[in-house]
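Given next are the chains, with one letter for each unit.
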Amino acid sequence: MTRQEWQALSYGEKRERFNEAFNQFFRSIGLGIVGFVTATGELVQFGVRSIKLALRVPYRWEEIFLHMEFVGNKSIVIIALSSLFTGLALSTQIYMGFKIVNMTSMVGPTVGLGVLRELGPVLTGLIVSARAGGAMAARLGTMRVTEQIDALEVMGVDPIQYLVSPRIIATVLVMPLLTAVFDFVAMLGCYVICVYLFDIDSASMIERTTEWLEPYHLWEGLFKGALFGLFFAVICTYRGYNTKGGAEGVGNSTNQGVVTSMVMIIVLDFFVTNLINVFYQLTARFT
Amino acid sequence: MSETQYAIELKDVKKSFDGKEFVLNGIDLQIPKGKITVIIGYSGTGKSVLLKHILGLLQPTTGSIKVSGKEITEMSEDELTGLRQHYGMLFQYAALFDDMNAIGNVMFPLKEHRRKMPKAEMLQVAKDRLRDAGMDPKHFNKLPAEMSGGMRKRVGLARALALDPEILIYDEPTTGLDPVLTEMVDNLIVSTHNLRKGSTSIVVSHDLYAAFRIADHVAMLDSGRVLLHGTPEDFLNSEIDLVKRFVAKGVRKELQPKGNE
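Protein chains in written order, with my numbering: chain A, 1 to 287; chain B, 288 to 548.
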């Protein structure tokens, strides 16, 4: 509507138009909230059902091991490569900063805390959700549009128990291992660059690092890794399982699964970090 | 399963997804045991929804569905899973598991439901079923991506037969196939039915010409109701306007040479 048209309207008409726009605005917000709550509820139901079915006979050990191999073994190389360069880059940045205040001996512990508690689980989650999560959504989506999931149902095989539960369980089991690999290689990168490039004494670096790092820092990261694994596996399998349409639908499911997983990992990390800190405070382990 | 003359009985089955519009609007249908029944109708008349009700994948809003005399609308999910072992289904595009070869696909239902069966026996059963479906043994190790449309249908049929089902369901088995392959699939349906005495076959199709070649009984759906249920002769002689039009478009057109329509 042009400015002139708007000015030509009577007061009553303007008020009516305004009310209409106002209602439309809040209706769309309301519908958005309802849609979000419904989708979240369905996702939670799907995840709970998948885990419940994993605990029912027949146990799908063979599928679980196959998916562990797919999620874990086939991700190790990219995790190792990414973590090595993350460790190198992070150490360089921290060394540059600490050099100004003459605290280069603290590079090891700082990188260690950052990697073990934050970067390890978060980056592992992001990388594996893009690689394995995307593959899960695409595979289940393809099975949905080619009626393979319907075929399972008709054969009296629960598709969630056969296809979804093993993927979720395998991811939850493998993610802490991948996070540990990330932590180890990133710290190795930190050690190499600090000792061989920045001439920090090897013994003092190891001593400082072990002095500041506690085992629970590692457990915290591994726990986060498993939690992120659970989230992205549920999100991606849910998206794939509920694919509609043909090839375009598979593409959309994969895209939505990966994007939602990545955003969720970063959002969830903030809340989990704070919850863990509250837990530390309550148990007097806060450092 | 209990003794009754009907494999499947549907009584006043209604289904609405939104509470307003009925996709199935009072279906009354008895599918006799040991016969081939073809369910036909235009697209969007509720054939697929009806099929999902028969398989227990959807529950009706109201009405009764009995399979071999047992009411399935009151069954639990576990009971329905057990029931589905009495069904074999050939999907429109066969729906083979694309990560398994022909043998793997046919062995899958056996692995799931005959867990105590020795693997060698499973393998033998799978090979027998593939041979029954007319599959050449040299293609037994092929993946679905390496198979032709006809081969996939044969493997899909062999998989449907793996558990020795009482009821065989074919969902649009000839849609999208060339006339030679269509005839092959029709012959396969009839030969499979004849080979398995006492089994019931249900074919859902809109290919009327093919339907008449294989059917003992024909049921036509329209607007979520059974418009006509009878023998192919009843169908051809029907005075119902919609049936006459469907027959004129489907059967007579195919049977008559061009120019005589």
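In case anyone wonders, no lab produced these hints; they're calculated from the structure. Every value quoted in this text rests on a predicted model; they were computed, and no experiment measured them. Do not take every clue at face value.
[As the list claims (entries may be wrong)] List of simulated lysine to aspartate or glutamate pairs, EDC-like, C-alpha gap at most 16 Å:
#1 B/Lys398 <-> A/Asp158
#2 B/Lys531 <-> B/Asp521
#3 B/Lys339 <-> A/Asp150
#4 B/Lys429 <-> B/Asp386
#5 A/Lys52 <-> B/Glu361
#6 B/Lys298 <-> B/Asp315
#7 B/Lys398 <-> A/Glu63
#8 B/Lys398 <-> A/Glu147
#9 B/Lys357 <-> B/Asp305
#10 B/Lys406 <-> B/Asp419
#11 A/Lys52 <-> B/Asp521
#12 B/Lys298 <-> B/Glu361
#13 B/Lys339 <-> A/Glu63
#14 B/Lys339 <-> A/Glu153
[To be verified] Now the in silico label distances, taken between C-beta atoms and shown as ranges:
#15 B/Phe304 <-> A/Gly35: 15 to 23 Å
#16 B/Ser510 <-> A/Asn242: 45 to 53 Å
#17 B/Asp423 <-> A/Ile266: 50 to 58 Å
#18 A/Gly246 <-> B/Glu526: 38 to 46 Å
#19 A/Val44 <-> B/Gly306: 19 to 27 Å
#20 B/Phe304 <-> A/Gly245: 15 to 23 Å
[What the hints assert, rightly or not] Sample of chain B residues lacking proximity to chain A, with all beta carbon distances greater than 10 Å (derived):
#21 Thr368
#22 Arg402
#23 Met409
#24 Glu433
Think of the CB as a built atom: it goes at the ideal place given N, C-alpha and C, for glycine as much as any other residue.
Verification of the supplied hints:
Taking the CA atoms of B/Lys398 and A/Asp158, the gap is about 14 Å. The hint holds against a cut of 16 Å. Distance check on the hinted pair: B/Lys531 and B/Asp521 sit about 11 Å apart at the alpha-carbon level, within 16 Å; holds. Annotation: proposed proximity of B/Lys339 to A/Asp150 holds, straight-line Cα distance about 10 Å (limit 16 Å). At most 16 Å may separate the alpha-carbon atoms for a hinted pair to count; B/Lys429 and B/Asp386 meet this at roughly 10 Å.
Restraint check: the Cα-Cα separation between A/Lys52 and B/Glu361 comes to about 23 Å, which exceeds 16 Å; the hinted pair is violated. For the hint pairing B/Lys298 with B/Asp315, the CA-to-CA distance comes to about 5 Å; that is within 16 Å, so the pair holds. This hinted pair checks out: B/Lys398 and A/Glu63 have alpha carbons roughly 13 Å apart, not beyond 16 Å. For the hint linking B/Lys398 to A/Glu147, the alpha-carbon distance of about 20 Å lies beyond 16 Å, and the restraint is violated.
Distance check on the hinted pair: B/Lys357 and B/Asp305 sit about 28 Å apart at the alpha-carbon level, beyond 16 Å; violated. A threshold of 16 Å between alpha carbons decides the hint, and for B/Lys406 with B/Asp419 the separation of about 20 Å lies outside it, so the pair is violated. Among the hinted pairs, A/Lys52 with B/Asp521 is inconsistent with the structure: their alpha-carbon atoms are about 52 Å apart, more than 16 Å. Restraint check for B/Lys298 and B/Glu361: satisfied, since their Cα atoms lie roughly 14 Å apart, inside the 16 Å limit.
Note on B/Lys339 and A/Glu63: the hinted pairing is violated, with a Cα-Cα distance of about 28 Å set against a maximum of 16 Å. With a C-alpha separation of about 11 Å, the suggested pair B/Lys339 and A/Glu153 falls inside the 16 Å cut-off, and the hint holds. Distance hint check: the CB atoms of B/Phe304 and A/Gly35 are about 19 Å apart, consistent with the given range 15 to 23 Å. For the pair B/Ser510 and A/Asn242, the supplied restraint of 45 to 53 Å is violated, since their beta-carbon distance comes to about 29 Å.
For B/Asp423 paired with A/Ile266, a C-beta distance near 55 Å keeps the hint of 50 to 58 Å intact. At about 41 Å, the beta-carbon gap between A/Gly246 and B/Glu526 stays in the expected band of 38 to 46 Å. For A/Val44 paired with B/Gly306, a C-beta distance near 25 Å keeps the hint of 19 to 27 Å intact. Taking the beta carbon of each, B/Phe304 and A/Gly245 are about 18 Å apart, inside 15 to 23 Å as hinted.
In this structure B/Thr368 is not separated from chain A by more than 10 Å, as the shortest Cβ-Cβ distance comes to only about 4 Å. Not every CB of chain A lies more than 10 Å from the CB of B/Arg402, the least distance being 7 Å, so the non-interface label is violated. The Cβ of B/Met409 lies farther than 10 Å from every Cβ of chain A, with a closest approach of about 15 Å, so its non-interface assignment holds. Non-interface call for B/Glu433 relative to chain A: holds, since the shortest CB-CB distance, roughly 16 Å, exceeds 10 Å.
In summary, the numbered hints that this structure violates are 5, 8, 9, 10, 11, 13, 16, 21 and 22.
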